[in-house]
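Chains as they are written, first to last, in this note's numbering: chain Z, 1 to 147; chain H, 1 to 147; chain C, 1 to 147; chain X, 1 to 147.
Keep in mind that the hints were calculated from the coordinates and are not lab data. All values derive from a computational prediction rather than experimental measurement. Hints may be right or wrong, so weigh each one.
Given that identical chains are not distinguished, each listed pair holds provided it fits within a single copy or across any two copies.
[As the list claims (entries may be wrong)] In the DSS-like style, the derived pairs of lysine-lysine whose C-alpha atoms are separated by at most 27 angstroms in a straight line are: (1) K109 with K67; (2) K51 with K98; (3) K98 with K67; (4) K98 with K109.
4 protein chains.
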Amino acid sequence: MLVNRRTLRIEWGQCDPAGIVFYPQYLIILDTSTGWLFERTGLTPSAMRQKYGIVGLPVVEIGVEFKAPCRFDDEVTVESEVGEWGRSSFTVRHRIVKNDGLALSGFEKRVWARPHPDRPGAIQGQPIPAEIVASLSDPTGTTRVNS
Amino acid sequence: MLVNRRTLRIEWGQCDPAGIVFYPQYLIILDTSTGWLFERTGLTPSAMRQKYGIVGLPVVEIGVEFKAPCRFDDEVTVESEVGEWGRSSFTVRHRIVKNDGLALSGFEKRVWARPHPDRPGAIQGQPIPAEIVASLSDPTGTTRVNS
Amino acid sequence: MLVNRRTLRIEWGQCDPAGIVFYPQYLIILDTSTGWLFERTGLTPSAMRQKYGIVGLPVVEIGVEFKAPCRFDDEVTVESEVGEWGRSSFTVRHRIVKNDGLALSGFEKRVWARPHPDRPGAIQGQPIPAEIVASLSDPTGTTRVNS
Amino acid sequence: MLVNRRTLRIEWGQCDPAGIVFYPQYLIILDTSTGWLFERTGLTPSAMRQKYGIVGLPVVEIGVEFKAPCRFDDEVTVESEVGEWGRSSFTVRHRIVKNDGLALSGFEKRVWARPHPDRPGAIQGQPIPAEIVASLSDPTGTTRVNS
Numbered sequence: 001m002l003v004n005r006r007t008l009r010i011e012w013g014q015c016d017p018a019g020i021v022f023y024p025q026y027l028i029i030l031d032t033s034t035g036w037l038f039e040r041t042g043l044t045p046s047a048m049r050q051k052y053g054i055v056g057l058p059v060v061e062i063g064v065e066f067k068a069p070c071r072f073d074d075e076v077t078v079e080s081e082v083g084e085w086g087r088s089s090f091t092v093r094h095r096i097v098k099n100d101g102l103a104l105s106g107f108e109k110r111v112w113a114r115p116h117p118d119r120p121g122a123i124q125g126q127p128i129p130a131e132i133v134a135s136l137s138d139p140t141g142t143t144r145v146n147s
Numbered sequence: 001m002l003v004n005r006r007t008l009r010i011e012w013g014q015c016d017p018a019g020i021v022f023y024p025q026y027l028i029i030l031d032t033s034t035g036w037l038f039e040r041t042g043l044t045p046s047a048m049r050q051k052y053g054i055v056g057l058p059v060v061e062i063g064v065e066f067k068a069p070c071r072f073d074d075e076v077t078v079e080s081e082v083g084e085w086g087r088s089s090f091t092v093r094h095r096i097v098k099n100d101g102l103a104l105s106g107f108e109k110r111v112w113a114r115p116h117p118d119r120p121g122a123i124q125g126q127p128i129p130a131e132i133v134a135s136l137s138d139p140t141g142t143t144r145v146n147s
Numbered sequence: 001m002l003v004n005r006r007t008l009r010i011e012w013g014q015c016d017p018a019g020i021v022f023y024p025q026y027l028i029i030l031d032t033s034t035g036w037l038f039e040r041t042g043l044t045p046s047a048m049r050q051k052y053g054i055v056g057l058p059v060v061e062i063g064v065e066f067k068a069p070c071r072f073d074d075e076v077t078v079e080s081e082v083g084e085w086g087r088s089s090f091t092v093r094h095r096i097v098k099n100d101g102l103a104l105s106g107f108e109k110r111v112w113a114r115p116h117p118d119r120p121g122a123i124q125g126q127p128i129p130a131e132i133v134a135s136l137s138d139p140t141g142t143t144r145v146n147s
Numbered sequence: 001m002l003v004n005r006r007t008l009r010i011e012w013g014q015c016d017p018a019g020i021v022f023y024p025q026y027l028i029i030l031d032t033s034t035g036w037l038f039e040r041t042g043l044t045p046s047a048m049r050q051k052y053g054i055v056g057l058p059v060v061e062i063g064v065e066f067k068a069p070c071r072f073d074d075e076v077t078v079e080s081e082v083g084e085w086g087r088s089s090f091t092v093r094h095r096i097v098k099n100d101g102l103a104l105s106g107f108e109k110r111v112w113a114r115p116h117p118d119r120p121g122a123i124q125g126q127p128i129p130a131e132i133v134a135s136l137s138d139p140t141g142t143t144r145v146n147s
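Pulled out of the complex, with its shape left as it was, chain Z reads as follows:
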C-alpha cells in the first residue's frame, strides 16, 4: 500500500493541563491525515467529491491505542495507509511516531458514500472506484487518477 507521511509539531492548544495531547485532538489529526492520504491519488478533496458525486468518507468505526504521550513542541510523524479494501468500505491504518517510538496506533473504518437517491439527508455506500483502489495500493505513489 501507499504510505503517506506527514510531519507535525504538537501545538499548545492541542494539549491539556497534564501537558500532554488531549486525546480527541489525535482524532482530528487522523481525520486530516486520511484526507492527505487520499490526495495522493492526485485529486483534491473537492475534485474527488465532484468527480464521483460522493459526500465524503464518513467514519463508521474507530479503534486507537495510545502508547506514549506527546507534548507541546514535540515533532511527530503520522503514517497513514489503507489497511483493507471492502466493496464500499475501507480501513485506514495510522501510526504516530515520535523519536522513533510509537506514540499511537489506530484505524478508521470509512465508507465511500453518496447522497441516498430517495431518502433526503441519508447516505448510501457505493463501490469504491477501481482507480482509487489502484492508486492507493501502489506503494510507489506514481499511479494517479485523472480529475
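Following the hints, position chains H, C and X against chain Z.
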C-alpha cells in the same frame, strides 16, 4: 434587553498546559451562548432557519477582553444579550462571570443572512424581523415568536 | 453498575459541512461524560485529584462505532458506566441515544495514574481505591465517597 | 517588523454546516501563528520558556474582523507580525489572505508573563527581553536569539 444566563463547568479538554482555558475555547462558548439567547424567542435554531430562510447568523467581527483566567472544574455563568440592533446586523454582548468576578467581556457582531439569490455560495444580509427584535428586547423574556 | 445520563443539544460548531457531527467531537463528549460519571462518587475532579494524588485518568485505548449521524439541534442522551474494573485500569462504556435509536456505542480504557515517583513527566498506574469502585458499581448511585 | 507567513489548507473539521470555517477555528490558527512567529527568533517554544522562565504568552485581548469566508480545501496564507511593543505586553497583527483577497484581519494582545513569585497560580507581566524585541523587529529575519 433580554439577558440569557447559562451556568457551565469548565472541562478538562478546554484547558491548556498552563491549566487555564485555551482562549479559542471561549469563542466556542460565546457562539453557543448566542444560539441559546436566540432560542429564548421560542424558536429552535432549525425552526428559525426554516421560518425565515436564513443560513444562520454569520459573524463579521468580534472583540474580547480576558480579565481573569478560568480553570478546569470552575463553575462560570455566561450572560448574553443583544447590545445593539442594526438593520441587518446586530451585536451580542457576552460576559463570563466566575465567583462574582468578571472573567471575560466581549461582543460578536453578526448578520441576519440568507443565501444570495444570484450568486451561489454567497450570502446576503436581510432586515431582521421585527418580532425577533421585539422578543429579544423584552427583558422579561415573555414576548415569544410563533414558529 | 451506576449509569450516568446526560442530555445534550448538538451545537453548530460540532458539525461539519455534511451537516453531521464531526466525529472527533464525539470523543470530546465521551471524555467529558466520563468526568461527570466519576463526579457521581461525590467528589469533584479537583477533590478527587487532591484526595488521591492522581494526575487524572489518562486514556490508553478507545473503540467507537458510529451507528447513526447526529445533526445540529438534535437532542441526545449520553449513557456512561464502568464496563470493567482492572487493578489500575478500567473501561468506561458509552452510548449516545437519539430518539430512542443508538447513534454511537463505544468505550474508553483509562488508567488510575499518579506522577511517577522517580521519572519526571512520567506517570504510574495505581490500584483503584476500593471506595471508588464501590461507589460507581452501585446502580442506585447512593454510595458516596467522602472528600 | 518581521512578518511570518504560513500557508495552510482549510480542513474539513474546521468547517461548519454552512460549509465555511467555524469562526473559533480561526482563533486556533492565530494562536498557532503567533507561536511560529516567535520561533523566528531562533528559540523553540520550550527553549523560550526555559531561557526566560515564562509561562507562555497569555492573551488579554483580541479583535478580529471576518472579511470573506474560507471553505474546505481553500489554500490560505497567514501573515503575522508584532504591531506594537509595550513594556510587558505586545500586540500581534494577523491577516489571512485567500486568492489575493483579505479573508480576516485581527490582533491578539499578549503579555510576557512568568509565574507570580508570591501568589500560587497567578502570573506577573515581565519586561520583554530586548533581544526578543530586536529579533522580531528586524524585517530581514536574520537577528536571532541564542538559546
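Check your understanding: Looking at the structure, which of the earlier hints fail to hold?
Key -> none
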